[in-house]
Each structure stands twice: as structure tokens, then as C-alpha cells.
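J.: Just so you know, we're using the UniProt record's numbering here: the sequence shown kicks off at 1 and counts up by one.
The hints are simulated quantities; they were obtained by calculation from the structure and are not laboratory data. Remember, predicted model here, so these are calculated numbers, not experimental data. Some hints could be false.
Unchecked claim - With a cut-off of at most 25 Å between alpha-carbon atoms, the simulated BS3-like pairs for lysine-lysine come out as follows:
#1 K22 <-> K96
#2 K28 <-> K96
#3 K380 <-> K393
As the list claims (entries may be wrong) - Derived CB-CB ranges, DEER-like:
#4 Q85 <-> S223: 27 to 35 Å
#5 V400 <-> R55: 52 to 60 Å
#6 K96 <-> R70: 19 to 27 Å
#7 S370 <-> E137: 49 to 57 Å
Here a beta-carbon is modelled for each residue, glycine too, at the ideal position from N, C-alpha and C.
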Amino acid sequence: MNLEEEIRRGEQESERLEYKSKEVGPRKVAKEIAAMSNAVGGAIVLGIREDSHGRPDRIQNVTSSDEIARSISDVLSHYVEPIPQFSTDILDIEGKTQLAILVEGTDNLLSYEHDRIEEPLFPIRRQTEVRYLSGHEVQNYFEERLGTLSENDKEGLLRLPEPEEGISNYFIECPEGHISELCLFTPHYFPDNPHRVMAQLDYIPEERAEHVFAVLDNLFGLSVPECHFTINQSNGAWIGSGYRNFVANLRNREDRYSQSEDSGYQLELYDHDQAVLICDLDIGYPESSLLIYAAPFTSQSGYRHLTVNFLIDGQPVDVRPLIEFAEQSEVNLTTAESVEIPTDGIQRPERIPVDIVERTTRTVEFESDSEASVDGALCKNPFYGKREFLQNKLDIGRVVPLSNYRTLRSFLRDWDRPEDPHEYTTQHFHVTDWDDFTRGIYANVKQVHFSINW
Numbered sequence: 001m002n003l004e005e006e007i008r009r010g011e012q013e014s015e016r017l018e019y020k021s022k023e024v025g026p027r028k029v030a031k032e033i034a035a036m037s038n039a040v041g042g043a044i045v046l047g048i049r050e051d052s053h054g055r056p057d058r059i060q061n062v063t064s065s066d067e068i069a070r071s072i073s074d075v076l077s078h079y080v081e082p083i084p085q086f087s088t089d090i091l092d093i094e095g096k097t098q099l100a101i102l103v104e105g106t107d108n109l110l111s112y113e114h115d116r117i118e119e120p121l122f123p124i125r126r127q128t129e130v131r132y133l134s135g136h137e138v139q140n141y142f143e144e145r146l147g148t149l150s151e152n153d154k155e156g157l158l159r160l161p162e163p164e165e166g167i168s169n170y171f172i173e174c175p176e177g178h179i180s181e182l183c184l185f186t187p188h189y190f191p192d193n194p195h196r197v198m199a200q201l202d203y204i205p206e207e208r209a210e211h212v213f214a215v216l217d218n219l220f221g222l223s224v225p226e227c228h229f230t231i232n233q234s235n236g237a238w239i240g241s242g243y244r245n246f247v248a249n250l251r252n253r254e255d256r257y258s259q260s261e262d263s264g265y266q267l268e269l270y271d272h273d274q275a276v277l278i279c280d281l282d283i284g285y286p287e288s289s290l291l292i293y294a295a296p297f298t299s300q301s302g303y304r305h306l307t308v309n310f311l312i313d314g315q316p317v318d319v320r321p322l323i324e325f326a327e328q329s330e331v332n333l334t335t336a337e338s339v340e341i342p343t344d345g346i347q348r349p350e351r352i353p354v355d356i357v358e359r360t361t362r363t364v365e366f367e368s369d370s371e372a373s374v375d376g377a378l379c380k381n382p383f384y385g386k387r388e389f390l391q392n393k394l395d396i397g398r399v400v401p402l403s404n405y406r407t408l409r410s411f412l413r414d415w416d417r418p419e420d421p422h423e424y425t426t427q428h429f430h431v432t433d434w435d436d437f438t439r440g441i442y443a444n445v446k447q448v449h450f451s452i453n454w
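Whole structure, please, built from the sequences with the hints as guidance.
T.: In C-alpha cells, the structure reads:
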């Protein structure tokens, strides 16, 4: 569109054109950008007052265009997810300067965070007004996008191979649990100076999620043992290790459900799994971490959410690996922002009993042989049902997931022999709060580092 020409001839506001005075605040502009992106895109022109019919009435002079654009970008990064991209253009009408904000339509439904409403809203532009989609409309919007990809769309999409040994996991009962309350069991240490870069996808086909998983593995070499995950359901969870094993467990969810039910446990299935994985990110960004949230549907193909968090040690200097991931996966990445990761530990951990249910083993492959070692254990949860006790012991909010699980995964500092195992004592018990990393997903996630030794 030729904006200057349209404004000069008195073009009326429409679904693709919005006039704003130069005094408008960045929050209002950010909401308009989100709404326009969720529709068909368009232009928001700052420096024009419209009349009662939505036509240009008074032309204003806008100064500090760069500063205004930066303010809008800052608001978008805090209130809109995923963060939309926009461009600007300087107009010259009646010898005065106006700022045009050019917005593209998006494949991802953008959410807008309202100050007085806890749940995010989904604004959309209809004619000349901004309104919010109802829950039913949001569901319809995403269901339309979950249709099977065409053969042309599938061309070039990657997929990790199935593990030759099949999927492996340990099932933990969680009778009083909730789909959005889960624990991640891992001895993982996060960066000293974490900066977060994130990509979030909502309601995507199965093939699209598989492609993102494969691109991550190809670029960052994630197929290493020190990679742990939890896949949560309403009253139970599967825990395990290995990146490709994680992807295979998500892919073969029917097998997981059947295994649990065959054991006699009455599994209650929510409409999607709630899964989280954390692993080292040594290739490209040493001493950094990768945190993935995934929510595959239980009874249909596709994912409700897929979020990739890069936790980089310090401000990333070389952004080429991130750009390559974004381009190959066709995702939008946020700018890096410094984050805090709250953690706390229980004092005198040696008093925590180690009541073993099952020892866990890991096989190490050598050139001509392999050797199995005990690397930890599933233990009865000494805090099961003791929510108030935990809340008093740990300076972390909402520790409820930890008190829901009947068993906890512990890790040995020094691996043991399977044929002649020792008795173990608790070395330390730390809990890390990942709640701030679940915006838009509504999950209460706690990382548990339960360290034992002999």
C-alpha cells in the first residue's frame, strides 16, 4: 500500500489500516500490533488524529521516531508472545513527519498480557476494532492449523530415527498430582550468568515438532547421556535420560500409556502430555544449557506447545548458531535477556532417608566391551504428602509438585557395581524453580537434584 497517497485522499481506517495520535502510549500500540498480526497484517500510522468516521482529520509532526520504535519493541518483549516483528517507515505529509509501523500477518497466534487479568489474552483486529478471541474461537483457530501437512510441506522436514533398543523410561505414580505440576530429576548445573533466548510454537503438526527436534540435535549435538527428562500426566510421570530417547518417548506415547496400564495402574490421561527436558549445550555455547517444554496431544497427532529455551552463559557474542537454528526451524527467537534461576537446598541432607525402590543403571560402551554400572536409584519420597513441611524448609514458591510423587529419582556421585551394591546416604538435596520459564504454558516446574553416595 502507498500510505502517503491513501492518507492524502482521506482513506478510512480498516482492518489493515489504523491511525493513532502521536501521544499514544507504547502499550496501546503493542496491543494493536498483536491484534493486526493475528489478523492479516497492515499498518499503524502514528501522527494522525481521525474523525468520527475514521478518516484523517489532523496531521501531526512526530519526532524521535527511533526512540518510539525502541519503546514499542521493549513493550512487545514483555507483553506479547511470541514477539512479533515489525518494520517502520517515515512519512511526509503536509510538511510534517509521521511514523508508520508495518506489521505482517503471522502463523502463530500472539498472546497479550493484561495487567489486571492473570491469563493471557488473544487480541485480533476485526474491521476497525480490536477484540479478544473467546476460548472456543482460540480452540477453533488452532484446530484449523493442526490439519495434516501437504506432501509439499513435508518435503525437507527432518525426523530423528527410532532408537534401535526402543524407548526406555521409569514410571512414577502421582495419585494426587496435576498435569501442570511436575518435577524434573537431574544433577544438571545451570550457567553462572544465564541469558535466555526462547522460541515458542503453539498448536503445530507432529511433523513440524519432529523437525525442530532434529534441527536441534544436528546443530548442537544433543545425543549425549547427560540429558534428563520428565513426561507428566495427571496422576503419573515417566522419567528418563537421553535426547533421542526423549523424542522417541514423546513420539511413542501410546506405548507409554499401555505399559503403565498393563502394570495395573489406573492412568488418568489429560488431553496432552506436559514434558520437560534439560541438557548441556556444549557445542556452540560451552557451559550453557538447553531447556525444552513439549506438550503433545494424547489422542491426536500434533503438539499444543513446543518451547525451546537456550540458557547461555553470558550475553551470546556469536549468534550464528542461534540464527541457523531459527532459519532451519523457521521459528522466531527472542532477544537475549539476563534471568535469575532461584534454587534452595535442605540443610543437613544426610538426615533424608534413602529408601530404595529400584536401582537405576547405565551401560558404558568401550571399544571391545560394555559395562553396566549403578548410576542412581528410585527412592520412596520422604516428602510425599508433606507440602507444608517442604514449604517451610525451602525458600521457593509453590513446591507442591515435589510432594505429589510417590518416588523420587536420585543420582550417585560415584557409580556402583550392580552385582554388589552398597548402602547409600543423601549427600545433598537441591530444588530449582523453573516457573518463570513457563510463560504461556501454565506449568509449575521444579528441578530436583537428589544426590546420594556410598
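J.: For a C-alpha distance cap of 25 Å, please report whether K22 and K96 respect it.
T.: Holds, at roughly 12 Å.
J.: Going straight from one Cα to the other, do K28 and K96 come out at no more than 25 Å?
T.: Since the Cα atoms of K28 and K96 sit roughly 23 Å apart, the hinted pair holds (cutoff 25 Å).
J.: For the range 19 to 27 Å, tell me whether the beta carbons of K96 and R70 fit it or not.
T.: Holds - the Cβ-Cβ distance for K96 and R70, about 22 Å, lies within 19 to 27 Å.
J.: Take a look at whether the Cβ-Cβ distance between Q85 and S223 falls inside 27 to 35 Å.
T.: holds (32 Å)
J.: Need the status of pair K380, K393: alpha-carbon distance at most 25 Å?
T.: Roughly 19 Å separates the two Cα atoms, so the pair holds.
J.: Taking 49 to 57 Å as the hint, is the beta-carbon distance of S370 and E137 inside that range?
T.: Hint holds: Cβ distance 55 Å, inside 49 to 57 Å.
J.: Should the hint that V400 and R55 are 52 to 60 Å apart at their CB atoms be regarded as holding?
T.: holds (56 Å)
Of the numbered hints given earlier, the model fails none.
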